[in-house]
Structures are given as C-alpha cells and as structure tokens.
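Student: Hey, can you piece these two chains together into the complex? The hints should help.
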Amino acid sequence: MRPSDSPRRDSFGVQFARRRPVDLRVVWALLKKEFLDSVRNRWIIALSAIFIVLTLVVSYFGAAQAGGGTGFQGLLETVVGMTAIAQILIPILGLMISYAAVVGEKERGSILLLLSMPITRLETILGKFLGLGAVMLAAVLSGLGIGGIVIMAFTGTEGWENFIVFLLGAVVFALAFLSIGLLLSSLTKRRGIAMGLAVFVWFFLALLFNLVLGGVLVASGGSFLPVPGEPFTLPDWFYAAGLFNPVEAFSYFAVRAFGLGGAFGFPIELPEFVSIGTTGLSMALWALVPVTLAFWRFRRQDL
Amino acid sequence: MSATVEDASTLAIEARGLVKTYGDLRAVDGLDLLVPKGIILALLGPNGAGKTTTVEILEGLRQSTSGSAKVLGQDITRSYEEIRQVVGILPQDFEPFDRLTPREHIRYFAGLFGRSLGKEEMAQILASVSLQDRADVHARKLSGGEKRKLGIALALVGNPQLVFLDEPTTGLDPAARRELWRVIEELRREGRTVVLTTHYIEEAEALADEVSIMVRGKIVASGSPASLLDEYTDTKDIRLVGVGSEGLSTLIERGLTATSDGEDVVIQTAATDDLSTVLGHISQAGLAFRDVITERPSLEDVFLTIVGARIEEGELKP
Ligand SMILES: Nc1ncnc2c1ncn2[C@@H]1O[C@H](COP(=O)(O)OP(=O)(O)OP(=O)(O)O)[C@@H](O)[C@H]1O
Ligand SMILES: [Mg+2]
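Protein sequences, first through last, are from chains A and B. Last residue of the first sequence: number 303 in our numbering, and the count goes up by one each step with no gaps. Last residue of the second sequence: number 1318 in our numbering, and the count goes up by one each step with no gaps.
Pulled out of the complex, with its shape left as it was, chain B reads as follows (with noise of 0.2 Å):
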C-alpha cells in the first residue's frame, strides 16, 4: 500500500515485521504496515484472523513478540504515555457500564484525561455521535448501534489524531451500520486517522480508502478498493437481459466468449479490452435486448479470491 508514501511526518502507522505468538500459534504473523495520516484504512479479515492483536499492538496495549512498529512518528515500546495522548481506541465487544448514561460516561473518560468538560464540549461530542437526545438515559436501555456510538464518543473525549474502531459496526442493523459510517465519516473530514476492522466486505468498500485483506496473521493484499478490484480482477461481464438463447449461438459466431444465464447472455471480456470493439460486435448481431449490464467483480470476489472459501468461521484457525 501506498509504498510511494514513505516520509514519516505523513504516516500515520509505520509496522515493520509484527509477530505476537500465543504459544505454538502465530496470531500476528511478520506484518508490514503503513498509513498515511488523514485516511480511513480498513483491516479486513476473517475471524481470528489477527485483527485484534494487531490493532492491540499498535494501540501499545499488547506487547509484541518481535518487529516495530511507530505510531504518530512515536514507537509504540517507548512512547507509552506520548501516544495514550493521541491515540482513541475502540475495544472490539465494548459494552458501556449500565448503570452510567452517555454523559456520565464522557464526563468520567474525560476526567481520566485530567479534564473536566464545559457545556459546550459536552454537547459537541454528544453531537458528533449523535447521541445528543439519548444523553441522560442509563446505558443499559440504549440500543446495539447507541451503545457503539457512545464507545466512539469515549474514544474521542481525548481529541485523538489516530482512531482504532475495533468492528465498530459488528451486530447492527443496516440503518444502524449506515449512522455509524457516516459517524466515521466525519472523523476523516476532521483530519484524523482512522483504522477500523471489520469483516463487512461493503463496509470496507463503502468506508475506506485503504483496505488490507488480513489472513492467517499476515496482510495479504492492500491498496484502495478500486485498485484491489484492478489488479485481482481481469474480466468484466456484459449482460444482454433477455437476449435468449438463439442470441448465444450467434455472439459465439462472432467470436465472442459467452454463457447464457437463463434468458440472459454474459459475455466474457478481459478487463484490459476496449469495450467498444464488442459493442460493435453485439449491434452488428443485430439481437433484441432489454437492458445491457455491464458487470464488474466486486471487493467481494476479490476477498473471496484472496482468501479462498475458507472464510467460514473456525476453518482458518490453525
């Protein structure tokens, strides 16, 4: 991933080598790592993938088995408390206390920064997370998505530069899920970092600039979701709806590489050819179409490309 970007005051992240073993097992397994300031980068990956330990690492919570990593130009093994300063954190399975309301919570994580908060602040951060109608209710009664934002709120009352969102969006409904990205969102437009993790393939297409498919302890592709389609991707589909099969037979006269798919033909053509040749092909055929598709790959079969069909759970762990 962006290998051009290689002066420190620009990244974010800079993990060289990362390798935290439990025993036998290599959660974290010699990863690299780089990411540049102000972007939103995501850590893609099945279960037990790494994730967690990776994210813990770099948040200097969990010590490494070896390599390095900096954060913010700061190394994570000397830098403890510069980074604490700079750094939120959003604990995979974060639940709030129950008996604490939203503003409670952020009063006390705030204290815990020496800080107490004015009116204002306090209405500011409820606001970014839109939590400002739900403020004074015991945490207990707030919702999946609620509670998730008042985690995000916690990990904001420092003002960090760099925001860890451990599967910030892992349980919620689509509603809920799209609130939350547009919460996100605006953590970028406000200039910080954000690394999420996350196993929603859309999510990571929808969100990130970067993503880093995460398999086994080791990242196994990275780049921007249109550049990871590009280089995992070499054909693109054109559907001609309703074309029937009579229509096959004469687009494979013509030499063009096709399947019929019910009353639709798909025609295969690289990713790399010009379109406009095997458009004058199909009109020249003269077929009756209602409607023609032209299908991509998405991140989705990328991920499952990558990481093959073993992304059930359970199937990757060693």
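Next up, chain A with everything else stripped away, as it sits in the complex (with noise of 0.2 Å):
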C-alpha cells in the first residue's frame, strides 16, 4: 500500500483520527473473550500442565534432595532448576498463545466484524494484551507459585521475599514474549507465517545468542573454563549482550533475586551493572515496546 496522501489518515478506518478514552467495559469485554478462547485451547492448556508438572517434579526432587541443604541454600539449589525450565518454556507459551491473536482474526475475517464494532484499536489490543497476559499470569503463577510452596514445605519459608520477587520477574518474562507474539501476529499476512517467526524467534532468543555470544567470545581468546586459581569471570561485554535479551536478562534476574551468582552452583560473578534493576528493565521493556509497535502497526494498517 501506498502511503495516504493525507498523513493523519489511517489507510483503513481512517476516522480513527478521532480518539476517544479507553472505555474499560469494551476492554474488559475483549479481555474476558481472549481469556475464554485460551484457555478452552488445548495446546495452552497442555503446555502448561507440562510446565506446571516440571516445576513440581523439579521443585520435589530438588528440594528432597537438596543434599540435606534445607532452609535458604536449598531454596536457592532448587530455584535453579524451575529457572531453567521458566527459561525455556515461558517463551513458548507466551508466543503460542499470541501468534495468532491479530493474524488469525484477520484469517477468519473476524477482525472487520470487530473492527466495525465501535470500539477503538487501542482498546483491542489492550483488551487482547491484558486477556492473554492473564492466562500467562495463571500459568506461571501456578507452575512456579506451587512449585515454591512445595520447596518451601521441605526447606521452610527462608527466603520467600526472594521468591516473590523473582514470581514478580517471571511474570514480567512472561508478558515480553506475549508482546513480541502480538508484534508478529499484527506484522504478518498469514498465521503460518507469524507462526514461523514465532518458532525462529523462540529459536534466536532461546537457543541460538547463547551460542553465537559464547562463540564470539571463544573466538575473541576467552574461555567457559575457569582458571584453576582465579576467580571466574566473563568479560562485561558478554553480561552486556544478555541484557538485550529477555531470556538472558530473567536468568540473570533469577540470580540476581536470590542475592549472589555463586549460589547458583557455578563460581560466577555477574558484574555490578547486571543488576535487579537493569534486568528488570529490560524485560519491562520487552513487554512493552513490541506491544506497542504493534498497535501502531495494527493503528494504520489496511487489513
């Protein structure tokens, strides 16, 4: 599409120009709607019963284990782990449940029907953020939160401030992923197509940057190795990277809200800029920004 002769006019609905505040009953109708539509979804649901079950047997296991190591070590031994599935399995149910929320309603042709209801787009995608953010909400909830209390009922409570804030970060995770699905499904023609990027950016931010990033830094002289003797450290640039993305940043996070690197099991040392701050941030933003390049992308489209 050519862009209009007139700037202020979106190709399509072009009286759009003409705001008017977010009507909450309209958000909270659209809210409930996508609600209702994940979770009678069977492939959400059975992700996140995976989710929920790997927590638990993790949480279990570990804790029962935790080499007799009960109050905040044992905590903190068992917290790894759920980290390491958080890490993993909350970016695909954050794009699974998203991909399609634009793309598939222009599919079926839904989105006109909506769009010709009168509501504005900023409250559909407020109303499809804030719907699917709540499934997210519940899942990660229920899959960390249980498998907290069920670590703590092995190695009492010490330390449950530090999990809250780290429920806290896992939920802000979790939202990022939904935002970058909403980016692609409002950037795309065709679900298979949104559905592709979902897979490569899972793929890239999940898998692929730890590779490339521990590449470069083989390739640059470093090493993954400690030197026996010396304290182990990577260079800040390599810290610095991971801050730009979110499954780094929530790793990072993770260590970060249970105070110290080296209580996660490796002798490691995150550097002071990698803090609760910066890593929170940059999940904030990545919950934010993509989100909202995809109202306005969605904004002035011509559908």
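Keep in mind the hints are simulated off the structure, nothing from the lab. No residue lacks a Cβ here, since even glycine has one placed at the ideal position from N, Cα and C. There could be a bad hint or two in this list.
[As the list claims (entries may be wrong)] Just so you have them, the derived chain A footprint on chain B, three or more residues with Cβ under 8 Å: (1) 1047 to 1061; (2) 1078 to 1090.
[Stated by the list, open to error] Cross-link-like lysine-lysine pairs, in silico, BS3-like; alpha carbons within 30 Å at most: (3) B:Lys1119 to B:Lys1141; (4) B:Lys1236 to A:Lys32; (5) B:Lys1147 to A:Lys106; (6) A:Lys189 to B:Lys1218; (7) B:Lys1147 to A:Lys32; (8) B:Lys1037 to B:Lys1141; (9) B:Lys1147 to A:Lys189; (10) B:Lys1119 to A:Lys32; (11) A:Lys189 to B:Lys1119; (12) B:Lys1218 to B:Lys1070; (13) A:Lys106 to B:Lys1141; (14) A:Lys189 to A:Lys32; (15) B:Lys1218 to B:Lys1236; (16) A:Lys106 to B:Lys1070; (17) B:Lys1119 to B:Lys1147; (18) B:Lys1070 to B:Lys1037; (19) A:Lys106 to A:Lys189; (20) A:Lys32 to A:Lys106; (21) B:Lys1218 to B:Lys1037; (22) A:Lys106 to B:Lys1218.
Tutor: Shown next, in the form of structure tokens:
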C-alpha cells in the first residue's frame, strides 16, 4: 500500500483519527473473550500442564535431595532447576498464545466484524494483551508458585521474599514474549508466517543467542573454563549483550533475586551493572515496546 | 435506480463517484449508488467485480481513493463512530471462534457496545436467526449455515438500522440458503435496510427489492428484478408442447416467428406484443398440442446478457 495522501489518516478506518478515552467495559469484554478462548485451547492447556508438572517435579525432587540443604541454601539449589524450565517453556507459551491473536482474526474475517464495532484499536490491542496476559499470569503463578510452596515445605520459608521477587520477574518475562508474539501477529498477513517467525524468535533468543555469544567469546580468546585458582569471570560485554535478550535477562534476574551468582552452583560473579534494576528494566521494555509497536502497526494498517 | 427517491432522509446510502485503486487496478471505478431505506438491495456481480471493496468502503472500514458517500445521512469519512452505532456487518468469509459458543459470541460482541444482554434479549437474538437450539455448542461444531446465521446474529447485536451481508449464502446447500433467506427477509420486516452481495441470481431475484449488477468496479445495471427484466428483455416465447414439426410450417405460414425444439415449437414474440393476436393465430391454425407455456427470459439471462460470457471466475480480472 502506498501511504495515504493525508498523513493523519489511517489507510483503514480513516476516522480513527478521532480519539476517545479507553472504555473499560469494552476492554473487559475483549479481555474475557481472549481469556476464555485461550483457556479452552488444548495446546495451551497442555503446555501449561507440562510446565506446572515439570516445575513440581523439579522442585519436589530438587528439594527432597538438596543434600540435606535446608533453609535458604536448599531453596536456591532447587530454584535453579525451575528457572531453567521457565526459561525454555515460558517463551514458548507466551508466543504460542499470542502469535495468532491478530493475524488469526484477519484470516477468519472476524477482524472486520471487530472493527465494525464501536471500539478503538487501542482498546482492541489492550484487551487482547490483558486477556492473554491473564492466562500467562495464571500459568506462571501456578507453575512457579506451587513449585515454590512445595520447595518451602521442605526447606522452610526462609527466603520467601526473594521468591516473590523472582515470581514477579517471571511474570514480566512472560509478558515480554506475549508482547513479542502480538507484534509478530500484527506484522504478518498469514497465520503460518506468524508461527514460523515465532518459532524463529524462540529459537534465536532461547538457543542460538547463547551459542553465538559463546562463539564470539571463544573467538576473541575468552573461555568458559575457569582458570584454577582465579575467580571465574566473563567479560562485561558478554553480560551487556545478554541484557538485550529477555531470556538471558531473566536468568540474570533470577540470580540477582536470590543474591549472589555463586549461589547458583557456579562460581560466577555477575558484574555490578547486571542488577535487579537493569535486568528488570530489560524485561519490562520487552514487555512494553513490542506491544506498543503492534498497536502502532495495527492502527494504521489496511487489513 | 430509484432516481425518484432523492430526499436524503429516505436514503440509507448515497454514494457518488466512489473510486478505489490498488496500484493500477481500479477495484471500484466511479460507482454511484442510492439505496432507499427499508429495502433489500442485492449487489450482484462476478468474482473480483469489487463488491466487497464497495461494501467495506460504505461500512467505513476501507478508505476510498476518491468519491464521497453518506450512510444514513452521515458522511462515511467523518462520522466513523456514529456509523459504528447504526451499521451491522457480516464480512465475507467470516468464521466464528472455534472454542466459543453462539451465546458467548453474542455476549462478547454486545460487550463491545458496552452492553450486557438480558436473558430475554439474548433469547430474542438467538431466535431471530433460529439458533436457540445450538446456542451452547462450540462454534467449531456448527454447520456452515449455522455459522453464517451466527454471523448475522453478531451483525445484529448493536440493533443496526443498516446491515451489510457480504455473500451470506455462498457455499451453503439449498435448504440452508432458503432458511437464511427467511432470516434476511425478517430483517426487512423489522424495518432495517439490507445490502447483500451475492453471485446467485436466484438469490437476488428471491430476496431483493433492488438489484445492482456490478462488473469491473462499475454498476452496469440496476433496478427491481421486474424492471430489469422489462428493460433488458425484449422477447417473450410461447412454447407449444408436442405440436410436432408440421405445426411449425403452419405457424410460419401464418406469419409468426417460430422455431422447432424437439417435439415442441417455440414462437418468438416481442415483449410488447399483444398476446391475444398471437393466441388467435394459434387457435385458428387448428393444431393439437398438450400444453402452452409462455417463457420470459430470467434475471439470469439478463445477467448473462449484461455481463456477457465473461462470468467465469478469473476472466473478468484485469
Ligand atoms: N487489499 C487489496 N489489495 C490489492 N488488491 C485488492 C485488495 N482487495 C481487493 N483487491 C482486488 O480488487 C478487486 C475487487 O475485489 P473485491 O474483493 O471487492 O471483489 P468481489 O466482487 O467482492 O469479488 P468476490 O465475488 O470474489 O468476493 C479484485 O481484483 C481484487 O483482487
Ligand atoms: Mg467479495
């Protein structure tokens, strides 16, 4: 499409130039629908169930075998396993729930019906984000939350504040992938393409990114192997790059939420700039920027 | 069409010179359309004629390249929100959400109007499209016709005065189609204006008060089915069933234009001819036949005349 002659006009739904305040009843209706639709989606149910079961298994066996490590140390040791699972599964869940949210409606023609209703595009994206966000919240809190309760049943409640911080981080992490999925969904014209992109994004952020970074590290003369007798560190740029990836940011966040890096079983010290603040900010930006772009794109597109 | 009805307050749609281009393609090419309130208008045309583009422009959902249109007295480029309140649409290819029931769909879309429906209102909407027995079935399990009915119900949740139905019956079996026709006629009885697009001539003939035939982005003919027939057909055939070939020569001797068709003879007359003269000739000829059938060209013949032999899908696409 060529840009419209008048830059103030959307090529579709021209008249949206006239704004009105967000109507919460409308957002609520959209939210409920997205929630209902998702919790009836067997794939999403299945993946959430896998997530919950895995975190339970890891937390149960982890805590039971924590080398008699009770108290804070026991909690830390088991949280490592949960984080690893969350790092892989939360992105999949977030992308899976959202990749079709816009493009799917284009394909089924329901987007026109939706836009023929007296609602704004901001309300539409907001309703979808919040409705799907509620599903993510439920999955993450039940997976990690129940896991945490199981662990604490073994190790005691010491460190529960740290665990709450960790949970909050996980929720933001989940919203980040929801947000990315919504962007992909509003950028594409076909569901299959959105799905392909989602798989690629997951593959890149959850797997490839680390490999590439490791490759660069080795190529630049660095090493993952600790030198005996010296405290193990990686160059700052390695961590700085990681901050740009929500998956890495989440694992750093988890480390920071429980104190020191060493607690995670590796003698690794994170540099000071990798803090709760910076990792949290990274994830928060990932949660907000893509969905904002999705709205911007959705608002001015010819469907 | 209805050139006599010019008063704005009686017009549901008033479009002038609408153009929509996609690159070099003129999907809508200078279209004028006047639709009086309270009627069913059928926009009839082959694939790619520009029907969907036209209705989407009139719905305010697509921007025209040029031209102007008023819908229920409101300028479509300026009164987006007002139009949203009074127009209902069934998009072409609409598929409901697999995992929601019709009742949930209706509740959802009513919610987008900021309304929560009471029990009675819900029942009434379901009944208006006769989906009351299927109200709590996941949409995935509905038949094609039921899905389309649900789509119409959703177009109605805002109680619109003007309803656009883009190919409401495409792909349905004849029984389901007829049932939808009843639903659509009910909309007119309720005083709503209905604009529907269709490929089916018999649908236009059965439902529409006015038909506009669209080809290549232009309306090439419009009027009531009867007036289109009058305007575009100038012959009327009289078929004498079982009269045999000797009947043919007798009739030709009497100055009638006739051809034989198997055992039958078909006499061609001008649409304006006084039939009694022709019938007089026939009775005086003293022929034996089993039946007399007068045959007028159907709207389909009119459509074919207008659109030519180019109605095959694809052929009209530039
Ligand atoms: N978004 C678009 N971009 C480019 N071309 C388009 C677009 N939408 C429609 N067209 C073209 O405009 C023309 C008219 O399309 P339209 O969908 O309005 O036809 P239609 O009469 O509804 O056809 P059908 O009976 O197949 O539904 C077609 O040639 C189509 O390919
Ligand atoms: Mg069409």
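Student: Which hints from the list above does the structure break, by number from lowest to highest?
Tutor: 4, 8 and 11
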